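2 protein chains.
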Amino acid sequence: MEIRPLDIKRVTVEDSFWSRETELVRKEVIPYQWEILNDRVPEATPSFCMHNFRAAGLLGKKMRTLGRDFEPPRYTYKGFAVFPDKKEDAKEDEFYGFLFQDSDFSKWIEAVGYSLAVHPDKELEKIADGAIDTVCAAQLPNGYLDTYYIINGMDKSFSDLRDHHELYCMGHLIEGAVAYYEATGKDKLLNAAKRFADYVYGVFGREEGKIHGYPGHEIAEMALFRLYETTGEERYRELAEYFIDQRGQAPLYFENEHPEMKGRPDYYHQAHIPVREQTEAVGHAVRAVYLYSGMADMARITGDRELLGSCKALWDSIVNEKMYITGGIGATHIGESFSFPFDLPNDTAYAETCASIGLVFFARRMFSLEQSRKYTDIMELALYNGILSGMALDGKSFFYVNPLEVLPEACKKDERKEHVKPVRQKWFGCACCPPNIARLVSSVGAYAYGESDDTLFVHLYMGSKIRKNISGREIEITVKTDYPNSGKVGIDVKGAAGTGFRLALRIPGWTSDNYTCDTGSLNDGTLDEGYLYIGGFKDDLHHVSLELEMKPRAVFADPRVSEDAQKIAFMRGPVVYCAEEKDNGKNLKSIVISRPVDIKEKTDSEFGFESVSLEVSAARRSFEGAEFFESTLYRDYSDVREDPVDLKLIPYALWANRGEGEMSVYFFIT
Amino acid sequence: MEIRPLDIKRVTVEDSFWSRETELVRKEVIPYQWEILNDRVPEATPSFCMHNFRAAGLLGKKMRTLGRDFEPPRYTYKGFAVFPDKKEDAKEDEFYGFLFQDSDFSKWIEAVGYSLAVHPDKELEKIADGAIDTVCAAQLPNGYLDTYYIINGMDKSFSDLRDHHELYCMGHLIEGAVAYYEATGKDKLLNAAKRFADYVYGVFGREEGKIHGYPGHEIAEMALFRLYETTGEERYRELAEYFIDQRGQAPLYFENEHPEMKGRPDYYHQAHIPVREQTEAVGHAVRAVYLYSGMADMARITGDRELLGSCKALWDSIVNEKMYITGGIGATHIGESFSFPFDLPNDTAYAETCASIGLVFFARRMFSLEQSRKYTDIMELALYNGILSGMALDGKSFFYVNPLEVLPEACKKDERKEHVKPVRQKWFGCACCPPNIARLVSSVGAYAYGESDDTLFVHLYMGSKIRKNISGREIEITVKTDYPNSGKVGIDVKGAAGTGFRLALRIPGWTSDNYTCDTGSLNDGTLDEGYLYIGGFKDDLHHVSLELEMKPRAVFADPRVSEDAQKIAFMRGPVVYCAEEKDNGKNLKSIVISRPVDIKEKTDSEFGFESVSLEVSAARRSFEGAEFFESTLYRDYSDVREDPVDLKLIPYALWANRGEGEMSVYFFIT
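The listed protein sequences derive, respectively, from chains A and B. For reference, each letter of the first sequence is one residue, going 0 to 669 in numbering that gives the first Met the number 0. For reference, each letter of the second sequence is one residue, going 0 to 669 in numbering that gives the first Met the number 0.
Don't read these hints as lab results, they were simulated from the structure.
If chains are identical, the list can't say which one is meant, so a pair holds when it fits in one copy or spans any two.
Okay, derived cross-link-like pairs now, BS3-like style, lysine-lysine, Cα gap no bigger than 27 angstroms in a straight line:
1) K412 to K261
2) K85 to K261
3) K77 to K261
4) K479 to K537
5) K185 to K8
Remember, predicted model here, so these are calculated numbers, not experimental data.
Sequences and hints are given; from them, build the entire structure.
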């Protein structure tokens, strides 16, 4: 069964939960990001993204004017990121910012594409078209399009694949170009991306005289498969397959480029061994899940069983050994990397927003390979928790790192936690997370649904309208729900009679299969791998009522997660909860959950919309004793004093929206 | 009242506990260290310490032969540490190793001095004399004696006070020279140290044309006060006072040397503000306590009340906010430094052995200023726990870092914990801790006792004989005890009749003043600041029987220590306990202490001598629940399962003597 994400233009999301997020992206994030790309936000580090495209364009103009007399720049390395002392000092023909700065435009245009697909906006489209003109004007006649080397000297282009993100920029350009093309039908940027990919196809490969390398930061792999599926051009598939197959083959390309790496396994770039031999998720978490997503694409497209095996092993490695309860991945800030199995510290967590987004990419692709909720449960978990936590409720500040426990003083005074911020930050010098959230949220409809020829898979529950085509007949599916506040979902299916249409509803694992589904005059449906398949539609309109048991739960981690020993966390449906100082006072660590665990739910509107908070019977404990040293730090214990408290918990994604304070997901249980 | 440490030659320690340690140092550590200094231990990084003295001596010979034709080396920086590819490749006239390598000799000769003082050994003395000849042959005619600059070029000597430890080496040389002089009466090395100090006195100071700097790594301060008190030469006192007074004065000397430091407070070197304004212990912990020790010396010698105030504030800052229960200090490996108040992580602790040793130096000096157990309680705590833990029971391996919780896998796989070792290491490239333990243990008698004109202060209880002089009459005090296994101490005082002699016995704070003292025919004594003063000796022989209540106790940390929230530790007398995997199995974190706390003591002989272990009623807990995600990492909680266990605890200082495994000092309490 071939499963595709639903074409985003065939889904309209009108949902109490998600519309707030998509509107925030449309009204706040995308416009703000455009200002950032153009260095018009005084308090943010200038991006120089559009500046660089203009500078490269100027060079092209010069080249065309001078013809044979044109003297191309000779490359000299100026550093991973270059900033002028003052923005005003920037020269119009120089490159500034991080050397992967081009990708900021691509991420923006991708979000714009998704947004336009579901919410046409002439003004925004005009701005986007103008930006595309600037970008395309920077492209070299041979198709190459990375402003860092165009401006600084092409003689060293592709000379540092490990660190100089040209192929990463190409990958993002493709993703953005395809999204914009699919939304608007305009192919100018798509053609530019194709020409860049054609150039790369000519330069990279196994053949003699070609570069035998592969991307230092993966993404080109999945992007090229997407370009292949959009255009049907075999060479993009070939190039993507080459990148995946070549990775980690001996002699290791990056050791050749960087001889100092010899002898140390290159986990960071997932280039230590060939991908088909990889079974443990290692290294930089974002790089890893981008690679695994490309591998899953390849397994689907080529039917490579060995590669599928690796994908499944890597998935299990993440989900069974290396994932926070929030769907966060990457437990250590050292290399923004996966740590060893079961090492999931809460207070020094990295759990980068982008890494969880990459996990969603991987999950969707794994579902295409194997139709099981084991993938989409995790997709939902990451989305509602570790990803949405990345953006403030006003869409104006962002978390890069998503810790599960915060003591603000420690973040400020302990260098080991300096990556952990107690409040969201305006924008980052290396700004991957905000645009990544933007592109994911804008296209959430494409994650909510998947389709095969005759089946609509409902992965996520949100108010929406879907048009599904079966053999030229259009079926309209309307979903109404207050999810995740409520577990009730109503689905109208119109026009399915006689089409062989099937509805496949995900029964999340967290329900423990406690659900009811009223299918009216239809059969009850069959549960398979966590999906309830309902078929036999015979009337013009059918109504299906699904109710998922949405009760609060106490949850604990595998005992091998030593950081969570003796602790429990709280969930309700897919939503992970946390306690904040704002509701519970300082010193959250002195609070213990009473046994038996008693959780009440309450509807809350203090965030400006309805959300469900929890109240748990707990006690604030203190130890009683006599002083024994003159030191007041340590005392003889005599007894425990317990003062009962109701611990208030809010959805994790909403934390740090009411000022700075302590936060914790886990609590000791007495 | 002026308090002095007792002259080490007037104490003979013959104690079931301490003699084992001092014999280990005498028979294992000192000889091994001598091999190390001479690069004769194949498995250890060569030290090049004696090599460098020989190389500098060769240069001197050349200088004397060539006279005016001698061309001195011009300085070029070769790095903080230089090692040849192979030991055999070392050139006889080159400097190798760390640039503070000279100090390894000084620490060794200091330990040798203390050892010879209490245990004459002709063979060792001969070796030491030979070494001293080599060292003295390296000294320049002007008195300068740091082989790094003698060999590499004197033109840059004292040009990098912050990082190039010349004054640190001088400090250690003085400490070693005085110890050796006091033990043997031989003054060759003492004279060399004086000449070096004279040279420095001529070069440093407030006067124009002199260097206005001070040591980057403190120790010269307390060493110079010691030299002053040994020789009576005022200029050493002056120089020490200058170093202390000048430190942190604006303009900051290190900012001048290292302009990149401008604008960041120099906590690391305790040079952010003048010392009299310092109230919080900050920066590199060893540097800090060495400085504070020098400050306390100065406060005593000069009677400077303001300086005394700073010393007291800094003491309180350490002891009330920044000290582990083991007497370990320096909570972060970043800069081997103090962290912010109450930040005392157990698993990433630094708690360097040397820092606790420095705390003992500081404590002894504070006691000279203020006769209170508040200082000597901490001295005892550090000695019996965080310092002795530094050395293996066979004297052949050492901990630099003394964590309070260890998961061996994490130490190996988590870069954030790579400073934490689950077993002691043979020897370190930067080998400060082993010789520091050696010199402290060898002179433990001088820490056990202090004296004023008429009083003998007994700080630590150990089997020993002391000769105390009052106005030309010799009193003999004999102490017999099994401390710390038992709290019973018997003291014979002979020849005190009519001398006005007073015995001042420390009643440790951990007894909560539960003790009995049978003074026979004498008055009961008066308790003041934790010392029981017994006087009125009228017979030739008096026997005093002291019994300190030595019962096991559960102990907890200030609730502001968030890492220890909900946890208790165990002590008995001054001894902190820990649990090891060896006795209790893996996954120590699943064990919780049952309430009410029930602790039994047992005599144990598995370490080759009698020690007291504890057994605590506890439970191994596991959470029961159903799987809910397909992921096995997180599950719905339904109940707690508790399997009763007896948690076995051993003295913390003995951990990691039975192979590698988990260790923990703190445990959750239900």
